[in-house]
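J.: Chain by chain, the residues run as shown.
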Amino acid sequence: MIIQQLSIFLENKTGRLTEVTQVLGQAGINLSAFSMAESSDFGIMRVILSDPEKAQHLLTEKGFTVTLSDVVCLRVPNTPGTLSQALLVLSEAGVSIEYMYAFARKDDAALVVIRANDTQRCIDALQSSNLNLVKASEMYDF
Amino acid sequence: MIWNESSECMRPDEMRDLQNKRLRTTVERVYHNSTFYRSRMQEMGVSPMDIETIDDLVKLPFTVKTDLRDQYPFGLFSAPMSEIVRLHASSGTTGKPIVAGYTRKDLGTWSEVMARTFAAGGCSRNDIFQIAYGYGLFTGGLGAHYGAEMLGASVIPISAGNTEKQIQLMTDFGSTALCCTPSYALYLAEAIQEMGVRDKLKLRCGFFGAEPWTEEMRREIENKLKIKAFDIFGLTEIIGPGVAYDCEAQSGMHINEDHFLPEIINPQTLQPVAPGEIGELVFTTITKEGMPVIRYRTKDLTSLTYETCSCGRTSVRMHKIMGRSDDMLIIRGVNVFPSQIESVLLEFGEAAPHYHIFVDRANNTDTFEVHVEVRPENFSDDLSSMLNLRKRIEARIQSVVGIHAQVKLVEPRSIERSTGKAKRVTDNRKLY
Ligand SMILES: [Zn+2]
Numbered sequence: 001m002i003i004q005q006l007s008i009f010l011e012n013k014t015g016r017l018t019e020v021t022q023v024l025g026q027a028g029i030n031l032s033a034f035s036m037a038e039s040s041d042f043g044i045m046r047v048i049l050s051d052p053e054k055a056q057h058l059l060t061e062k063g064f065t066v067t068l069s070d071v072v073c074l075r076v077p078n079t080p081g082t083l084s085q086a087l088l089v090l091s092e093a094g095v096s097i098e099y100m101y102a103f104a105r106k107d108d109a110a111l112v113v114i115r116a117n118d119t120q121r122c123i124d125a126l127q128s129s130n131l132n133l134v135k136a137s138e139m140y141d142f
Numbered sequence: 143m144i145w146n147e148s149s150e151c152m153r154p155d156e157m158r159d160l161q162n163k164r165l166r167t168t169v170e171r172v173y174h175n176s177t178f179y180r181s182r183m184q185e186m187g188v189s190p191m192d193i194e195t196i197d198d199l200v201k202l203p204f205t206v207k208t209d210l211r212d213q214y215p216f217g218l219f220s221a222p223m224s225e226i227v228r229l230h231a232s233s234g235t236t237g238k239p240i241v242a243g244y245t246r247k248d249l250g251t252w253s254e255v256m257a258r259t260f261a262a263g264g265c266s267r268n269d270i271f272q273i274a275y276g277y278g279l280f281t282g283g284l285g286a287h288y289g290a291e292m293l294g295a296s297v298i299p300i301s302a303g304n305t306e307k308q309i310q311l312m313t314d315f316g317s318t319a320l321c322c323t324p325s326y327a328l329y330l331a332e333a334i335q336e337m338g339v340r341d342k343l344k345l346r347c348g349f350f351g352a353e354p355w356t357e358e359m360r361r362e363i364e365n366k367l368k369i370k371a372f373d374i375f376g377l378t379e380i381i382g383p384g385v386a387y388d389c390e391a392q393s394g395m396h397i398n399e400d401h402f403l404p405e406i407i408n409p410q411t412l413q414p415v416a417p418g419e420i421g422e423l424v425f426t427t428i429t430k431e432g433m434p435v436i437r438y439r440t441k442d443l444t445s446l447t448y449e450t451c452s453c454g455r456t457s458v459r460m461h462k463i464m465g466r467s468d469d470m471l472i473i474r475g476v477n478v479f480p481s482q483i484e485s486v487l488l489e490f491g492e493a494a495p496h497y498h499i500f501v502d503r504a505n506n507t508d509t510f511e512v513h514v515e516v517r518p519e520n521f522s523d524d525l526s527s528m529l530n531l532r533k534r535i536e537a538r539i540q541s542v543v544g545i546h547a548q549v550k551l552v553e554p555r556s557i558e559r560s561t562g563k564a565k566r567v568t569d570n571r572k573l574y
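For the record, the sequence lines run as chains A and B.
The first sequence begins at 1 in our numbering and counts up by one.
The second sequence begins at 143 in our numbering and counts up by one.
Treat the hints as calculated values from the structure; they're not laboratory data.
All figures in this text were calculated on a predicted structure; none of them were measured in a lab.
Straight-line C-alpha distance at most 30 Å; calculated DSSO-like pairs for lysine-lysine:
1. B:LYS462 - B:LYS238
2. B:LYS462 - B:LYS533
3. B:LYS441 - B:LYS370
4. A:LYS13 - B:LYS533
5. B:LYS565 - A:LYS62
6. A:LYS13 - B:LYS550
7. B:LYS366 - B:LYS344
8. B:LYS370 - B:LYS307
9. B:LYS550 - A:LYS62
10. B:LYS441 - B:LYS201
11. B:LYS307 - B:LYS368
12. B:LYS207 - B:LYS441
13. A:LYS13 - A:LYS54
14. B:LYS207 - B:LYS163
15. B:LYS344 - B:LYS368
16. A:LYS62 - B:LYS533
17. B:LYS565 - A:LYS13
18. B:LYS201 - B:LYS247
Next comes chain B alone, as it looks inside the complex:
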């Protein structure tokens, strides 16, 4: 079901006109209401008059996370506090949190994009929503809450935690849709399995976000809970959940581009990449009043596709986040992301094997070696087929990344395991 057909299925030329108009309004607003943005623009010699269409975006300054921290708490607001009706903050693990302020109109926008999200997953006023995101300063709980209310669904504001109670209410109230983090969804799935109560549940879908998760995890949640699992993308800096959403085709998340204008840039040169290429996702909000952000660098890596989706929506879609831009390597002048290597290796088995990238410099040329652990399903007693496997991996890396990597097959467990975030790269080049 499509919640707002005129926006979600808008003709591309009409969308562009709308974005042009909204971008101009936003630039005017920040220039005249935020000292931060005004001085940034003045430093670059740009005035609102220079911004006519979205092609002029490149003239505008970038905003980064530290800007938001430096302006703590309200320095980036472009509306007077008398118009701010809600404050949220990210749970910054280091330093000061990031604060977001919403006007009444912003809250309306947020509910609207969340209602689109839920409708895209096949939900309507007949659904019963169990909101198991945390309520409070975190945007997850209230964002999903008001979106589900706008949809007209029945909302259970249970918040996060207390698994036993979650399952009890899910059973007694007949919840049909679940909203929580993907890791909590898996935890719940296991508890439900253990209690053997799946047959008593009416649950048929879930909307999961606020942390990165893999396609593999999606299948696991879907199989264990016997539901359809939808991804929600969002950032407190932009609005919270609802920046982009999965449709039933699950082939990339539709960006609410009438509100949040995306760009993909090369994190090194800061120039836009060619259409369809991987790079860092950058957002400019074009309807927000409380805290609009201009060219906010998310540090997330993804790519965009502008083809019309099989669901009928015309809005641009973003690929699942493929990593962080800080992980980018430049080898022989080419940008290489560890996630690209991972995606290649995934083609050779059920799960991606452990791998490690070694970069060094010999005779003034970068060396690029990928060590790949041999998993039982890839192992053959025939030497020539093993050599062939190595050759096929090298060929796929070459075609995906664009440069040749020397692949070395190594024994399982020979690549060091690190707790938490695995370190995938050793760069021994002494360039500085």
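Extracted from the complex, chain A is given alone in its bound form:
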């Protein structure tokens, strides 16, 4: 249930984002999800993609600073209350969330990527409450 996320350090300069997507595109690596966290002069691009290790290698070669981290992906069906339930479960289990971001899928469900201080505890807590997590293998084919 652990999903590897690739994070890339980017200065806020034009063209750098394009360069990242070009490097990945040329290598046939598909992006499933991405988010940007920005400060005034730099940003961190976080992506979920089909071959994180290959992507790390390629981008490092191109001179980017990258890191891999473990995240969890929660499926949130189009019914109210699922997300707040998940947040409650995690806070009761003592898991703190460093950040999260959501993206939509074709099948109407939203996916929420969660970076927790303790990934395994996060997974255990969510699963024991019957919340639906996405496997790494499911992430890349949609």
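Based on these hints, arrange chain B with the ligand on the given structure of chain A.
T.: Okay, now just chain B with the ligand, sitting in the frame of chain A:
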């Protein structure tokens, strides 16, 4: 082991008395024997009578490298040629070389301070010294040679180069101590590794100097050669190697202050800095006869510590050279050395990342920006910890330098690499 306990562990008040006496003798000598120093002193209205203690040093004129070049070859000698028994010269890359003349007593002093150096590294008459510094006009080879002989060690005067022969003799003769430049030591280490002969060697320490080297390089030499690496500091202008030396504590080099009197000055104001502060190292030789130098500006940046060392020596210690005084910046009235920024950045990882200092002026105030490349070990996917890293670097710069710098985290390789000496500073202030 301490070679000369009465000098190296002298009580500070006794050392001061000795320095006072020797300074007076030296000033008398140069005043009466060197037209150069006499006219310099007369220009400043100072006579030997004005110099009673080392506190009076500030009344004396400085000497700089160009003075030595202008006086080429023998203009700064304070002894007649009949008393000069040795001549050395620096390999000046530009212009005329710097010439040094030694009397018999000077050579004795030089051997003595080198013997102290080797003893401080744990060596004795039972050691076999391989001297792989160049012999000749350069002071490295002969300086180490006579010091090791005075120690009573067995000396191999192999000189520099010919790596294969170096390793062969090192193996066959069982050399225990190596003297050469740190870069050659690394080169030798790699050759020894490649040949796989380290197990056949008896080498246990090395004395490296004559070029600047980092603490990182020291660890690399120590790990690759499996020896203890000691730093030697010296300048041809002062005597050659042996001005200051590492002890086994390796926590700053002990200055042979009974022969070479150090000062630290602000390179801009030329005034002495507060104790412990960084500034330009200045030396006055107080026992030399052939070519004494008065307040010689080394252009090297360092700081001094007068605390007694854990090795028991009381002599003042100098920090490893932290840069050149020409690199000093004045930002908002405060002296800033690029080496200070480097040392701060070293605290945040194994190696200092590439950085660049930008100074400019906006609204009549200096702006001070430091761009720091983000290395993988400092990178986190969490924005707040990156912002926190930036804040921590800014706080450390503030506490080390004394003024606030705007730190900007930048992508690797975005700072231009220059071959050779990296240019670390862009100063866009139009002040002149
Ligand atoms: Zn010591």
